[in-house]
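Residue numbers (my numbering), protein chains in the order written: chain A, 1 to 562; chain B, 1 to 121.
These aren't lab readings, by the way, just hints derived from the structure by calculation. We put the CB at the ideal spot given by N, CA and C, even for glycine. Hints should not be assumed to be uniformly reliable.
[Unchecked claim] Chain B is faced by these chain A residues, among others (derived, beta-carbon under 8 Å):
#, residue
1, R80
2, L124
3, A126
4, R221
5, R470
6, I471
7, Y527
[Said to hold, decoys possible] Here are the computed distance ranges between Cβ atoms for each label pair:
#, chain 1, residue 1, chain 2, residue 2, range
8, B, L107, A, R213, 27 to 35 Å
9, A, A86, B, R76, 16 to 24 Å
10, A, R104, B, W29, 22 to 30 Å
11, A, L7, B, V44, 46 to 54 Å
12, B, T35, A, T167, 36 to 44 Å
13, B, L16, A, P187, 35 to 43 Å
14, A, L19, B, M25, 34 to 42 Å
15, B, F23, A, E210, 36 to 44 Å
16, A, A129, B, W29, 40 to 48 Å
17, B, L71, A, V44, 53 to 61 Å
18, B, T35, A, R84, 43 to 51 Å
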Amino acid sequence: MDLHARLAAVAGLCLLPLLPLGVRLTHLQVLQGSELRSRVAGEVLRTTTESFPRAEIRDRRGRLMAQSVPFWSCFAERSRLRDRPAVARELGRALGMPEDEVLRRLQDPARFPVVKEDLKPEELSALSAARLDDKRLMEYGVGVQLRYRRFYPNGDLARGVLGLVGTDQDGLAGLELTFASRLKGQPRRLAYVRDGSGRSIYLDAQSPAELPRPLRITIDRDIQFHAEEVLRQTDRQFRAQGGMIVVLDPETSEILAMAADPADPLRNVMIQDTYEPGSTFKTVTAAAALNEGLVKESETFFCENGSYAIAPGVVISDHEPAGTLTLQGILEKSSNIGAAKVGERVGAMRFYRYSRAFGFDIKTGVALPGETAGEMKPLTGLTRVVLAASSYGYGIGVSALQMANAYNALAGGGVLHEPAIACDAPEDAAGEAPCRRPTAVRRVVSEATARTLSRMLEGVVESGTGLTARIPGYRIAGKTGTARKLDRRTGKYSTTSYLASFVGFLPLSRPRWTILVVIDEPQGQYYGAQVAAPVFAALGRRLLAMAGVPPDQPAAVAASRP
Amino acid sequence: MRPQPADASQRRRVLLLAAGAFFLMAMVWQHVQATRLGYRVEKVRQQILAMRCANGALRMQLESQLSPANLSLQARTHLGMSLASPESLRSLDGPASAARTGLLQRLISRARRALSGTSPA
Chain A
1 MDLHARLAAV AGLCLLPLLP LGVRLTHLQV LQGSELRSRV AGEVLRTTTE SFPRAEIRDR
61 RGRLMAQSVP FWSCFAERSR LRDRPAVARE LGRALGMPED EVLRRLQDPA RFPVVKEDLK
121 PEELSALSAA RLDDKRLMEY GVGVQLRYRR FYPNGDLARG VLGLVGTDQD GLAGLELTFA
181 SRLKGQPRRL AYVRDGSGRS IYLDAQSPAE LPRPLRITID RDIQFHAEEV LRQTDRQFRA
241 QGGMIVVLDP ETSEILAMAA DPADPLRNVM IQDTYEPGST FKTVTAAAAL NEGLVKESET
301 FFCENGSYAI APGVVISDHE PAGTLTLQGI LEKSSNIGAA KVGERVGAMR FYRYSRAFGF
361 DIKTGVALPG ETAGEMKPLT GLTRVVLAAS SYGYGIGVSA LQMANAYNAL AGGGVLHEPA
421 IACDAPEDAA GEAPCRRPTA VRRVVSEATA RTLSRMLEGV VESGTGLTAR IPGYRIAGKT
481 GTARKLDRRT GKYSTTSYLA SFVGFLPLSR PRWTILVVID EPQGQYYGAQ VAAPVFAALG
541 RRLLAMAGVP PDQPAAVAAS RP
Chain B
1 MRPQPADASQ RRRVLLLAAG AFFLMAMVWQ HVQATRLGYR VEKVRQQILA MRCANGALRM
61 QLESQLSPAN LSLQARTHLG MSLASPESLR SLDGPASAAR TGLLQRLISR ARRALSGTSP
121 A
């Protein structure tokens with residue numbers, strides 16, 4: 001046998017054991033390949049969803065209002081828990097907790113009792129070292145999970161607007177609910193394999209991630225803070241049941257502040273509740289009369305010296321008896337009788353049309369949940385008596401936002417805009433510029449009427465019931481309101497519970513803010529002029545100083561200086 | 001001297017075997033590296049999450065400190081500040097006399113007046 005043959009024989013003998021191996025491999029790879037691959041995929045290949053923290057909410061200048069903060073939580077799965085004392089011992093050691101405490105938590109009747117939240121990095125490492133991480137989840141029924149907590153860095157500031165989220169990070173109220181899907185984003189699906197020791201190797205993303213972008217809102221954090229502070233101070237001073245302040249931008253109807261006391265994240269009283277506006281509604285009656293040319297500025301109305309029997313058994317009275325008054329005088333003295341007579345002149349049809357044109361009895365369309373349309377008698381229900389009462393703001397229900405927006409239309413030259421709460425512009429464009437293109441709803445009154453009415457409202461502040469809203473050096477237009485509250489028990493108007501309000505805009509030469517103040521059931525003093533108008537002035541002073549707006553009536557400021 | 005045909009084919013076989021072995025080795029190496037990288041990626045992911053938690057907690061503290069309520073409290077209690085009023089606003093492009101109340105400003109004003117030869121109003 002030559003050398004080649006011998007070498008071939010040796011090589012053959014060496015390779016012979018590999019033959020069955022090759023046959024087996026071919027059998028596994030080729031004949032059973034697809035079946036085995038699917039079995040393996042089922043056992044080690046997993047998919048998981050990776051969710052992202054809920055998007056931040058920022059104010060109009062890009063300052064943080066809400067943020068989701070991640071944290072690690074250690075939990076147990078009740079149905080899989082075995083040998084609780086042993087688990088409690090190991091967990092207690094890893095998490096630095098007393099064994100009894102861990103055991104007590106493990107015995108919680110919840111399906112997934114939480115052992116500890118806000119795990120520190122060293123506690124996470126200790127859990128891994130104790131082999132109580134994911135690998136032993138099946139065995140012990142214990143695991144760790146990344147969770148998110150919604151955090152509002154400014155405390156209760158604007159909580160009625162922001163709303164709140166549940167433990168699963170779903171929006172429950174306010175903006176958190178309205179923009180729930182936008183804030184939450186789209187979680188992505190990831191494929192991964194898990195090895196024998198329980199460790200994961202991520203393979204690929206199966207669906208693209210849609211990272212939620214921050215939501216910028218029209219609220220100005222500083223204005224909101226000042227509004228809430230002055231409101232709290234007033235409520236304390238007058239031991240009031242509560243109060244509301246709405247601040248709007250007259251040019252765009254952007255909501256700059258919405259303050260309520262007490263603050264309730266589940267309820268935004270400024271859009272969800274209605275109140276009888278009282279005298280602040282006289283402006284609507286006057287606007288209808290002026291715009292339709294039914295009343296001339298110089299025309300006078302006899303105000304019956306304070307008592308007017310409009311129908312048998314129905315007497316309208318004024319808080320301050322007056323004789324003959326012009327339309328401006330009616331607004332300045334806040335005469336109910338004068339307003340009722342102007343309302344009669346306007347007529348039910350026009351009054352109804354103008355009230356709706358100003359946005360009453362219709363939802364404003366603001367992007368906040370649970371908005372009320374308000375309450376107003378239908379046209380057929382506007383009898384002589386009802387029309388007279390409605391002319392001075394009784395028998396109708398309005399939301400605070402509706403009332404502020406109606407005055408905002410006057411401040412903006414007679415055009416009603418849709419109030420805005422969310423900005424169009426991207427988050428990085430935060431700045432002084434309007435953050436949303438204004439949406440004009442309709443022209444309510446002519447520019448000339450708006451100007452005339454604004455001048456009359458200036459008279460209310462300069463020489464009428466709104467004297468306490470004055471700020472030396474600045475021209476202000478506004479109207480006081482004092483409404484008796486309806487006693488739900490007796491069905492009659494209370495003689496002890498009042499709602500004091502003031503709504504106006506400043507500075508009149510170029511309105512920057514429309515402010516509505518409503519104080520619910522103030523004790524002691526209760527007139528809008530005594531309770532709400534000073535709040536308007538206090539907030540107005542803060543806003544003017546903050547924005548550095550120079551006086552538009554410099555002579556008055558010079559005269560007021562000592 | 002030219003190589004024999006048998007030697008050439010043998011060398012080719014050896015080369016093929018070597019290439020095959022090298023290819024197999026490369027495949028094994030790549031698989032091992034991919035697995036190792038996978039573990040590293042997972043570890044880094046965990047680190048990122050832990051850092052995100054820590055960062056979130058720190059940011060939470062910072063934003064709480066910067067909240068208007070806290071700033072206002074600090075300004076009033078620790079710095080003795082009070083709210084500005086509109087009366088305290090001064091227009092810089094208006095008459096400057098109100099702003100020239102400091103000693104240096106008064107000296108400058110006096111010097112200017114002396115140079116221009118005007119007397120104070």
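To see whether the hints hold, each was checked on the structure:
1. A hinted interface residue such as R80(A) counts as satisfied when its beta carbon comes closer than 8 Å to some beta carbon of chain B; here the least separation is about 23 Å, so the hint is violated.
2. Restraint check, L124(A) versus chain B: the minimum CB separation of about 7 Å is within 8 Å; hint holds.
3. Here the hint on A126(A) is broken, as its CB sits about 13 Å from the closest CB of chain B, past 8 Å.
4. Contact between R221(A) and chain B, as hinted, is supported at the beta carbon level, the nearest pair being about 6 Å apart and thus within 8 Å.
5. With a cut of 8 Å, the hint placing R470(A) at the interface with chain B is violated, because the nearest CB-to-CB distance is about 12 Å.
6. At a threshold of 8 Å, the smallest CB-CB gap from I471(A) to chain B is about 6 Å, leaving the interface hint in force.
7. With its C-beta approaching chain B no nearer than about 25 Å, Y527(A) sits outside the 8 Å limit, and its interface hint is violated.
8. With their beta carbons about 56 Å apart, L107(B) and R213(A) fall outside the hinted range of 27 to 35 Å.
9. Restraint check, A86(A) to R76(B): a C-beta distance of roughly 56 Å breaks the suggested window 16 to 24 Å.
10. Evaluation of the 22 to 30 Å hint for R104(A) and W29(B) yields a failure: the beta carbon distance comes to about 52 Å.
11. A hinted range of 46 to 54 Å holds for the C-beta pair L7(A) and V44(B), which are about 53 Å apart.
12. A hinted range of 36 to 44 Å holds for the C-beta pair T35(B) and T167(A), which are about 37 Å apart.
13. For the pair L16(B) and P187(A), the beta carbons lie near 50 Å from each other, so the given range of 35 to 43 Å is not met.
14. Hint check: L19(A) to M25(B), Cβ distance near 23 Å, so the stated range 34 to 42 Å is violated.
15. Between F23(B) and E210(A) the CB atoms are about 42 Å apart, so this pair conforms to the stated range of 36 to 44 Å.
16. For A129(A) and W29(B), the hinted distance range of 40 to 48 Å is not satisfied, since their beta carbons lie about 31 Å from each other.
17. Hint check: L71(B) to V44(A), Cβ distance near 54 Å, so the stated range 53 to 61 Å holds.
18. For the pair T35(B) and R84(A), the supplied restraint of 43 to 51 Å is violated, since their beta-carbon distance comes to about 36 Å.
Figure legend: structure checked against the earlier numbered hints; hints not met, in rising order: 1, 3, 5, 7, 8, 9, 10, 13, 14, 16 and 18.
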